[in-house]
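Q: The chain contents come next:
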Amino acid sequence: MNNKRPFIEKFFTPIVLFTLFLMFAAGNIQAQDTVKAVKDVTADSLKTETKAEKDEDISAVILHHIADSHEWHFWGEGKDKVAIPLPVILYTKSGFVTFLSSKHEEDEKGAEIFTEKGESLVNYEGKYYYPAAAKYENGTYVKVDENQVPVNEKPLDLSITKNVLALFISVALLMIIFLGIARSYKKNVGKAPKGMQSALEPFILFVRDDIAIPQLGHKYAKFMPYLLTVFFFIWINNLLGLVPIFPGGANLTGNIALTAMLALTTFIITTVNGNKSYWGHIFNTPGVPWWLKFPVPLMPVVEFIGIFTKPIALMIRLFANITAGHILVLSLIALIVILKSVYASAFAIPFALFISAIELLVGFLQAFIFTILSALFIGMAIEEHHADEHH
Amino acid sequence: MTILSLNPLVSPDPGLFIWSAVSFAILFIVLRAFAWKPIVAALSEREQSIEDALQKAAAAKEEMARLTGENEELLKQARAERDLILREAKKMKDQIVGEAKETAQREGARMIEKARIEIDNQTAIAMAGVKEQVATLSLEIAEKILRKQFEDQKKQEELVEDLLKKVKLN
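Chains as they are written, first to last, in numbering that gives the first Met the number 0: chain Z, 0 to 390; chain E, 0 to 169.
FYI, nobody ran anything at the bench for these hints, they're computed from the structure. Just so it is clear, the structure is predicted and the values come from calculations on it, not from any experiment. We put the CB at the ideal spot given by N, CA and C, even for glycine. Treat the hints with care, as some may be off.
[Claimed, not checked] Listed next, with one range per pair, are the computed distances between beta-carbon atoms:
| no. | chain 1 | residue 1 | chain 2 | residue 2 | range |
| --- | --- | --- | --- | --- | --- |
| 1 | E | Ser43 | Z | Pro349 | 41 to 51 Å |
| 2 | E | Glu61 | Z | Gly279 | 50 to 60 Å |
| 3 | E | Ile49 | Z | Tyr342 | 58 to 68 Å |
| 4 | E | Ile49 | Z | Met379 | 12 to 22 Å |
| 5 | Z | Phe202 | E | Glu44 | 41 to 51 Å |
| 6 | E | Ile49 | Z | Ala59 | 52 to 62 Å |
| 7 | E | Arg31 | Z | Asp209 | 31 to 41 Å |
| 8 | E | Leu73 | Z | Glu383 | 51 to 61 Å |
| 9 | E | Glu50 | Z | Ala323 | 11 to 21 Å |
With the hints as constraints, model all of the structure from the sequences given.
A: Put into structure tokens, the structure is as follows:
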């Protein structure tokens, strides 16, 4: 009890200062970035277009900021643009095609066909498609449906995008941090933890004592590596997503492909480890009147759908929470541009800071929720039921 | 129009899915082997050792209390023993001193007695010598007197007659 207080006292001030700094930096730099981008978009559109179209542009800018990209953009547009081009890897009909994203970025309207390794491609809004046989009336080789989504065929895009690079950075960071900590555990056997080790030990213990043991019981040790990995992986990516400058700023945990991958992993672990009583509960739920199971197997169907809705809920919860936070901050900053008044920043910036601070909390909370729900689902699958027990 | 085509945000990108699955798998395998296992093992080991140490401390405290009690008991015993030894030693000393005194007195008396006897003997010897000397001197004196008296014949005859007269009386 007592030995934990000095740690909190010692680190309380730095943590508060760091949080304030992050809040400031997040608000500030995202503000600059967005203001500039929104200005560029709106500057030429203001004269001719209506207000509704301007709002559409702003939401396009916001969506562009939280979406994946083939380059790591810092600031500026056109010739003043500062960005890291990233390698594009496409698995096309004629095999792998690789080039740097900066090579074919002038045209993003699908108007110009380029050829790489004998494969003809067009760049449409930062994505690569096979061109249509002939140009359409709007001057592009890309046909869009009523929702402006292209219908052209596209190669399998295995590029190192902004999100993939952020993923690699976070994986490298996690390895450096935790292999280092593991080393200090080996070095400091029988001694009190030091430095990074003592900073992260409470969280490792938190995962073990407040997530794994209550949900999994005595069989918790087998699932500790997965729960720890998923908790720290989500948390570090949530935090990096809030840092507005490189290597942060990618909206990785707010990307549904990543949350789908994590939810699928939990689903596979749950299904593989499900014991007899778990499947028994699904297909022949005890304690339920027989007419709910036969002749119409209502309960089994509901339970069976439940197997899939649980991981899908996991996937959507994480994605939606993180994406919503990013959209909120960007929207508050965009208010300055929408209202066309610098005085709007008087309330837009404090609100954006407030939301950024909330996001720090949400970043931890969502990592915790994803981990504890994964533990809960695994716990349900491995729980030993007694014959006289009813649910 | 499918649900997924509503918004590019909710359409999973297969590239990122594949990359993240591969990266996460590598991360999981590496961390499980080289980080989580040693860390979790070290943590439970440390907790075990802390628990052991606490138990040992409690046991040691108990042992300490027991030892302290025992020590006090021993100390009390030792003190009693010391007192007893001291008392006995004193008694013995007194006894030895008394015996020595008695012996000394007896010896002294004996030596005084011996000295007295010796003195008596020496006195007797001296008295005998003196007597002899006196006798010798008396004889010499008598002789000298007799010789003087017998220088004239008449006196000798008178004496013989005197003597003879006395004999006749007898």
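Q: Look at each hint and say if it fits the structure.
A: Structure-based check of all given hints:
no., hint, result
1, E:Ser43 <-> Z:Pro349: 41 to 51 Å, "46 Å, holds"
2, E:Glu61 <-> Z:Gly279: 50 to 60 Å, "52 Å, holds"
3, E:Ile49 <-> Z:Tyr342: 58 to 68 Å, "59 Å, holds"
4, E:Ile49 <-> Z:Met379: 12 to 22 Å, "33 Å, violated"
5, Z:Phe202 <-> E:Glu44: 41 to 51 Å, "19 Å, violated"
6, E:Ile49 <-> Z:Ala59: 52 to 62 Å, "58 Å, holds"
7, E:Arg31 <-> Z:Asp209: 31 to 41 Å, "21 Å, violated"
8, E:Leu73 <-> Z:Glu383: 51 to 61 Å, "57 Å, holds"
9, E:Glu50 <-> Z:Ala323: 11 to 21 Å, "45 Å, violated"
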